[in-house]
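Participant: Based on the provided sequences and hints, a complete structural model is requested.
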Amino acid sequence: MALVEQKHMDDAGYRLSEAQPGDFIALLKPRVMSLVVFTAFVGMAMAPVTPNPFLAMISIAAIAVGAGASGALNMWYDADIDAIMGRTAKRPVPTGRVTPGEALAFGLILSALSVATLGLMANWVAGALLAFTIFFYAVVYTMWLKRSTPQNIVIGGAAGALPPVVGWAAVTGTVSLESVILFLIIFLWTPPHFWALALFKSSDYERAGIPMLPNVAGHAATKKQIFIYAILLAASGVLPVWAGFASLAYGAVAVMLGAGFVWYSWSVFTMPEDDQAMKPAKALFGYSLLYLFILFTALLADRLAASLGLAFGG
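First residue of the sequence shown: 1038, per the working numbering; consecutive thereafter.
Calculated directly from the structure, the hints in this document are not laboratory data.
Hints may contain errors.
[Claimed, not checked] Dumping the calculated BS3-like pairs for lysine-lysine here, alpha-carbon to alpha-carbon at most 30 Å:
{"id": "1", "residue 1": "LYS1316", "residue 2": "LYS1183"}
{"id": "2", "residue 1": "LYS1238", "residue 2": "LYS1261"}
{"id": "3", "residue 1": "LYS1127", "residue 2": "LYS1316"}
{"id": "4", "residue 1": "LYS1319", "residue 2": "LYS1127"}
{"id": "5", "residue 1": "LYS1066", "residue 2": "LYS1127"}
{"id": "6", "residue 1": "LYS1261", "residue 2": "LYS1316"}
{"id": "7", "residue 1": "LYS1238", "residue 2": "LYS1066"}
{"id": "8", "residue 1": "LYS1183", "residue 2": "LYS1238"}
{"id": "9", "residue 1": "LYS1183", "residue 2": "LYS1127"}
{"id": "10", "residue 1": "LYS1183", "residue 2": "LYS1319"}
{"id": "11", "residue 1": "LYS1319", "residue 2": "LYS1261"}
{"id": "12", "residue 1": "LYS1183", "residue 2": "LYS1066"}
{"id": "13", "residue 1": "LYS1316", "residue 2": "LYS1066"}
{"id": "14", "residue 1": "LYS1261", "residue 2": "LYS1183"}
{"id": "15", "residue 1": "LYS1316", "residue 2": "LYS1238"}
{"id": "16", "residue 1": "LYS1238", "residue 2": "LYS1127"}
{"id": "17", "residue 1": "LYS1238", "residue 2": "LYS1319"}
{"id": "18", "residue 1": "LYS1319", "residue 2": "LYS1066"}
It should be emphasised that the depicted structure is a prediction, and the values quoted were computed from it without experimental measurement.
Facilitator: Structure (structure tokens):
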């Protein structure tokens, strides 16, 4: 793939790496990793058994490294389009601070280490799920879906929705209805979250040739899809109460958060076509981050309250 690289050679003609430790940290996509770690931790905490604290920490660390490996592999493969898009042009590979080979090796080594660690220290159900998550994000989403279909985010969102399932499996060795519900919440959250971003970054995606929904189907169709997913997401947020692993107190929080998501999505849906500021889309994007964090924090607090005998409504 074509890359814009600043090449510096030694006397023997070999390229000298310009990478600094911070560049390899950037390859891990720390902000995405933090969300993965948090949702995986919630999945672990919601499990009906109390994990060994040491093994729990090792498991979370392995999941974090696996998420970082996915990010490195994504940056390796997408370096050509990252160089074109304004919000990604300064990443380590397109700027030449890290070579494609270094990013690939880094991602592959971390992938193997994270899967082996989780499998050996927790169980191989969790290890296999982590391996599938890395494969799905790096190969199915990054190498195939992202550049081939406007449904890239919908299908590819499965990778980002799996961490709580991995966390649950690390403790229990199984996949259950509860962990599937946590998966569903993030899976339904992903399209409106990223399509809101795609609305006000559509020119970036167009330059890079990525078939995001606004560039293929238009803004009107994208806004409609955002609103539909917002309703589905709001409904999924209360499923933990229906399934019996969250209280009515959590349910009240979920209803309020879901109502807010629908309201912001309605603002996007009714946004004029000639609105260049895209303020409703930017507001929804910001709220979507807050929504997921507060919702999963509420689940965590609800489980803590239940363990202390303080839950309301059962």
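Participant: Are any of the numbered hints broken by this structure? If so, which, sorted upward?
Facilitator: Per hint list: zero violations.
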